[in-house]
Amino acid sequence: MNAGTLRSILQARVRDPVPLANTEAQYRQILSECQRLVNAAGRLVLEATPFELTPRQPLYQVQTNFPRCVRIEFIRDVDNRDLDRVDFPSICNYSRTWPSDLGDTPRSYTFIGRDTLLVYPAPRDAGITITVYYTKLLTELVDDTINTDLRDDDLLPVVNLAEIIFLAKLRKFVDVPALVKQFTDDLRLIDDSRERGIMPMP
Amino acid sequence: MSQANVLGLVALLSDAQADATASLRYYQDLVYELGEQRFLWMSNSLPGQVPNADGLYTLPNAVIDMIGATYDGHWLDVVDQRTIESLDMGWRARKGDPQAVVYFGESSMSYRLYPQPAQPAVTLTVYVVENRVDLQVWLDLALAYGVLAKEFKRESTHRDEQYAGLCDELHRLFLSFLA
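Here the protein sequences come in this chain order: A and B. Just so it is clear: in the first sequence, position 189 is 189 by my numbering, and no numbers are missing. Just so it is clear: in the second sequence, position 68 is 68 by my numbering, and no numbers are missing.
So that you can see chain B by itself, here it is in the shape it has in the complex (with noise of 0.2 Å):
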């Protein structure tokens, strides 16, 4: 229960001076920095994965990054559209054994093999960094910090530059034991 925990040691150590809707929103936020960040304590693997007809796979909405894939039996690394499109024009016509996985971005929550397997794949598993509500309880400490850093440094009846600093610093510190 990490984010119940964490918001209730932001609840104690602002003397209940924290905003809840606030430091929820800051919560979700920091958890979702960090998976930006490719924080991989976030990390999760999505078998059984299936493409559309024109063999464009969809991702889940909580997916932030690709780490990559395996595909029958194969790892396969994950490049971005530039790259693939900078080392081979025509790959979206290749067709073959997989080598790689086209990852499209957060934008788009998409990704292609390439080069096109014949065959579906019944085998592919892809590794992802993922948006979580809780994260390991040994974390909360150093988030219930991140949380306050942020809380106590908007435009509100108890900012307090000095303190928010001190979180931050807090915050940063403590990630950097852990990480």
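Pulled out of the complex, with its shape left as it was, chain A reads as follows (with noise of 0.2 Å):
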């Protein structure tokens, strides 16, 4: 769906079809921040890049290396294996010398906050390429033209929110408590789904 067709459904939703309370720019503007939010809230819309290692380098920073990226999700091997997702701590407790510690291909990844991605071990020698699924960061809804990366299915939470958002700045607050419930359980739905692997994933 397209930003102009989106646009005109939240407009004809707050009762401002002309419209005269805001600009379209502003509630593009908005539709297009609430697409991001969520999007990154629910991880629908995910991006593959292959990226080669560099030889003994476990750390790399994620927003210089994938620009796009909201949130790392998996990471598969040449072979398509994934590697094993660990937190921080697990990999202090299984080797003190993890900054040094090579070998023939990474097993395992992890963080070091959000932005410093963790690749052990770091490969001995160049040549070793992974592969990065990321929730991606969507497009910015500039003009009318612009389609949504998001499917038709996940657009609803986003149109409720933009509604959320335009009633309150309006000072309309009657509505405002059941949109807030309803966008929080299409959120909730969201997750449930994907953990019961009912949402396909690459």
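Just so you know, the hints here were simulated from the structure itself, not pulled from any lab data. Accuracy of the hints is not assured; some may be wrong.
[To be verified] Over 10 Å on every C-beta distance to chain B, these chain A residues come out as not near it, computed from the model:
#1 S8
#2 E33
#3 D115
#4 D149
#5 I165
#6 R171
#7 D185
[Unchecked claim] Here are the computed lysine to aspartate or glutamate pairs in the DMTMM-like style, where the Cα-Cα straight-line distance is at most 20 Å:
#8 B:K153 / B:D65
#9 A:K169 / B:D19
#10 A:K169 / B:D65
Glycine residues also receive a C-beta, built at the ideal position from the N, C-alpha and C atoms.
Make the complex out of the two chains shown on their own, each in a separate frame, by following the hints.
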């Protein structure tokens, strides 16, 4: 669905079809923010990027190497096997010398904070490529012709959230609590569905 | 351009009632508070740390907290001064291969290696939580509502506790989904 259609739906919902209360650009801007937030929270649109590791280097800055990444979801090696995701203290407990440990191929990964990816062990030699799957930062809806990357089924919480924002802006608080609950339930449903394996993962 | 975008959202969602100077200060406060809560999107590495003659290292002002350090191929956990003193009263005089980083807290912005290496470390990198001007752009809406909550709660001609309460609820809700 493109931004223009989404905007029309939203303007009808907040009873401002002309529009008068806000400009078209403002409706689009909020929809753009909402689709990014819903995608970041629901991990709906994933992107895969092959990434060649540097020999003897276990740490990589996420934002520098994957500028469109919201959150790394999983990593696969060249044989399409998942690397184990472990927590950072486990790596430290396993080996205090993880910064200098080397191997033929990485087995696991973790993060120091969110910005620093730790691939363990670091490869001894060049030519080791992994594939990083991450939740994608969605394209900004700068004009009506831009299509959102979200499936139509996933757009309901986006429009619900934008409606909450504009109703609150107009101080029309009566319907807001029910809409907030609806939005929260929608996102929890997305989360539950993924955990039960209902949603297809790449 | 997260800061500029957040402040633009604040102006839009407050119908330009929000004071620009106050909003900027609230934004900076909010980013700092998130850092204090170890909101670890704000992590960074600082390679090439060099000590003074007493073995004391100084951190840049932007640092809010320490996560740990790598030294000569080893990972060093952070301990606070009280913990290390309870374990080893003579810790400042110990020499050897470093096993931990003793962080003296935000007030002094400094730390020591424990035990102190005989030679200054040339391969020391510390990992920190740092204050930033811009956070990731998908946090913009959550941050804008944090600023709006503070803005509409303060004494002013546009004070609106009901709107401030809703903004605070949305701010917390969004962060809970994104954290």
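- Is it true that the CA of K169 (chain A) sits at most 20 Å from the CA of D65 (chain B)? violated (36 Å)
- S8 (chain A): least C-beta distance to chain B exceeds 10 Å? S8 (chain A) clear of chain B: closest Cβ-Cβ about 20 Å, beyond 10 Å.
- Query: Given the hinted pair K153 (chain B) and D65 (chain B), is their alpha-carbon gap at most 20 Å?
  - Reply: Judged against 20 Å, a Cα distance of about 29 Å means the pair is violated.
- Message: What's the verdict on K169 (chain A) and D19 (chain B), does the C-alpha distance respect the 20 Å limit or exceed it?
- Response: OK: K169 (chain A) and D19 (chain B) at ~16 Å, within 20 Å.
- Non-interface claim for D149 (chain A), where every Cβ of chain B lies beyond 10 Å: holds (13 Å)
- Item | Least C-beta distance between R171 (chain A) and chain B, which was stated to exceed 10 Å | violated (7 Å)
- Is it the case that E33 (chain A) keeps its Cβ farther than 10 Å from each residue Cβ in chain B? violated (5 Å)
- Check on I165 (chain A) being off the interface with chain B, judged by Cβ distance over 10 Å: Non-interface label on I165 (chain A) violated, nearest chain B Cβ at 7 Å vs cutoff 10 Å.
- Message: The output says D185 (chain A) does not contact chain B. Does that hold with a beta carbon cutoff of 10 Å?
- Response: holds (12 Å)
- Looking at D115 (chain A) again, its CB stays over 10 Å from all of chain B? violated (5 Å)
When held up to the earlier numbered hints, the structure conflicts with 2, 3, 5, 6, 8 and 10 and fits the remainder.
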